[in-house]
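My request is simple: use the sequences and hints to build the entire structure.
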Amino acid sequence: MKPLVVNRHRLDWTVGAGGSHVPATGWDRPLLTRTWAGGLATWTREAFPDVVVTDMTKPRQLEAVCDWMARTRGVSHIVTLHEKDLLMAARVRARHGLEGPTEKQLLPYRDKLLMARTVAAAGLPCPPVTEATQSSVELPWKGRTVVKSRWGLGAMEVVVVDRAADIPRAVQQLGGRAQDLLLQEFVEGTMAHVDSVVHDGRIVFASASRYLQQPGHFDRMPYQGSVVLTDGPLHSALLSLNEQVLQALGLHDCVTHAEFFVTEDGLLFCEAAARPGGGGIDDIVARTHGVDLVRAAVRLQCGLDPMIQPAAPDGSTHGVIGVFQNVTDQDLADPLREVPGLVSYRRIIADIPGPALHATDYGHMVVLRAAGQEAFDSALAQVLAVVDKGSHRV
1 MKPLVVNRHR
11 LDWTVGAGGS
21 HVPATGWDRP
31 LLTRTWAGGL
41 ATWTREAFPD
51 VVVTDMTKPR
61 QLEAVCDWMA
71 RTRGVSHIVT
81 LHEKDLLMAA
91 RVRARHGLEG
101 PTEKQLLPYR
111 DKLLMARTVA
121 AAGLPCPPVT
131 EATQSSVELP
141 WKGRTVVKSR
151 WGLGAMEVVV
161 VDRAADIPRA
171 VQQLGGRAQD
181 LLLQEFVEGT
191 MAHVDSVVHD
201 GRIVFASASR
211 YLQQPGHFDR
221 MPYQGSVVLT
231 DGPLHSALLS
241 LNEQVLQALG
251 LHDCVTHAEF
261 FVTEDGLLFC
271 EAAARPGGGG
281 IDDIVARTHG
291 VDLVRAAVRL
301 QCGLDPMIQP
311 AAPDGSTHGV
321 IGVFQNVTDQ
331 DLADPLREVP
341 GLVSYRRIIA
351 DIPGPALHAT
361 DYGHMVVLRA
371 AGQEAFDSAL
381 AQVLAVVDKG
391 SHRV
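Take the sequence shown: its position 41, counting from 1, is numbered 41 in the numbering used here, and each next residue is one higher.
The hints are simulated quantities; they were obtained by calculation from the structure and are not laboratory data.
We put the CB at the ideal spot given by N, CA and C, even for glycine.
Just so you know, not all the hints are guaranteed correct.
Simulated restraints on C-beta separations [as the list claims (entries may be wrong)]:
#1 A350 to R163: 34 to 44 Å
#2 D231 to A122: 23 to 33 Å
#3 D305 to Q172: 47 to 57 Å
Below is the structure:
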């Protein structure tokens with residue numbers, strides 16, 4: 001086996017310590033990565049002697065380099081965990097006759113218009129959606145409208161308008177290419193997510209969590225995060241709808257991250273992706289269930305068993321709080337030591353300082369473990385008090 005790893009994340013997140021997630025060693029695991037945002041974090045020549053760096057802001061160049069590496073290295077598989085690169089990797093696999101997820105399998109998880117229509121066609125609860133247009137349009141719903149990219153991620157490229165007459169302005173704000181956008185009815189409510197491992201046509205693991213804030217509020221709130229649910233009506237309802245959604249979108253070997261609206265009238269599907277969730281979700285799932293979602297995703301893209309052994313939750317509540325990079329540049333380690341249930345704290349130095357541009361543009365990440373939801377909420381309040389004391393928009 002000789003997998004090519006295409007990395008657009010912090011390197012040690014994708015490949016594990018010393019490349020432990022990748023089922024090959026040395027020259028048998030070529031690496032294509034970037035130099036910034038941790039793309040070479042903890043890299044060593046011993047772990048990845050064959051490394052190529054490129055400018056990943058240029059899609060055609062990235063695909064050409066990936067093609068060249070697949071051809072010249074004689075790779076057997078392509079591993080990529082970033083949403084921007086999933087379809088690119090599928091095209092390269094097809095050109096070189098490699099195993100792994102195909103463009104047809106991945107498209108319902110990538111094109112948000114196709115995704116919503118597929119889920120709605122299966123009779124599942126989903127906000128109504130339609131194509132965007134450059135001109136005013138009469139919509140089949142009243143109230144606010146979400147204008148967003150069909151290919152977006154991390155709650156980026158999203159504009160909410162109050163009136164249909166404002167849609168053309170929103171289309172221009174998002175680049176002016178209406179064919180790359182969609183319109184969807186705005187939903188009032190909170191949000192939750194389910195993170196799953198799919199193998200051999202069935203869901204072999206799923207973990208439900210609730211978001212602490214709406215992901216789309218990263219530009220107006222100081223923090224975001226998730227807390228894992230292990231029982232209760234919402235937990236059961238999320239797992240049930242998630243299974244139906246993944247059945248509709250297609251069950252192929254991958255790790256998925258699906259998001260849902262939680263409303264007074266029940267759950268509605270929001271969107272899904274065929275990759276692990278970011279922002280520390282993998283950490284709290286591992287602490288709750290003993291399942292490493294990132295390692296499972298890498299193994300599945302290499303055509304291997306995900307090698308997961310879920311453990312029964314021990315009754316504690318795990319959650320992650322991400323404080324956005326522009327809230328404070330102070331190190332919060334000392335004041336956070338007084339917070340009960342603190343598991344870990346990590347300060348993250350932004351490569352591009354300033355306002356958060358993405359739902360997980362964190363400057364600080366805090367993981368908590370508490371004896372139930374009430375204790376977690378109390379510890380969360382103490383974390384936010386520390387943040388508020390040290391906060392100043394940077």
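Here's how the hints hold up against the structure:
1. A350 to R163: 34 to 44 Å: At roughly 36 Å between Cβ atoms, R163 and A350 fall inside 34 to 44 Å, so the hint holds.
2. D231 to A122: 23 to 33 Å: With Cβ atoms ~27 Å apart, the hint holds.
3. D305 to Q172: 47 to 57 Å: holds (48 Å)
In the structure shown, no violation is registered for any of the earlier numbered hints.
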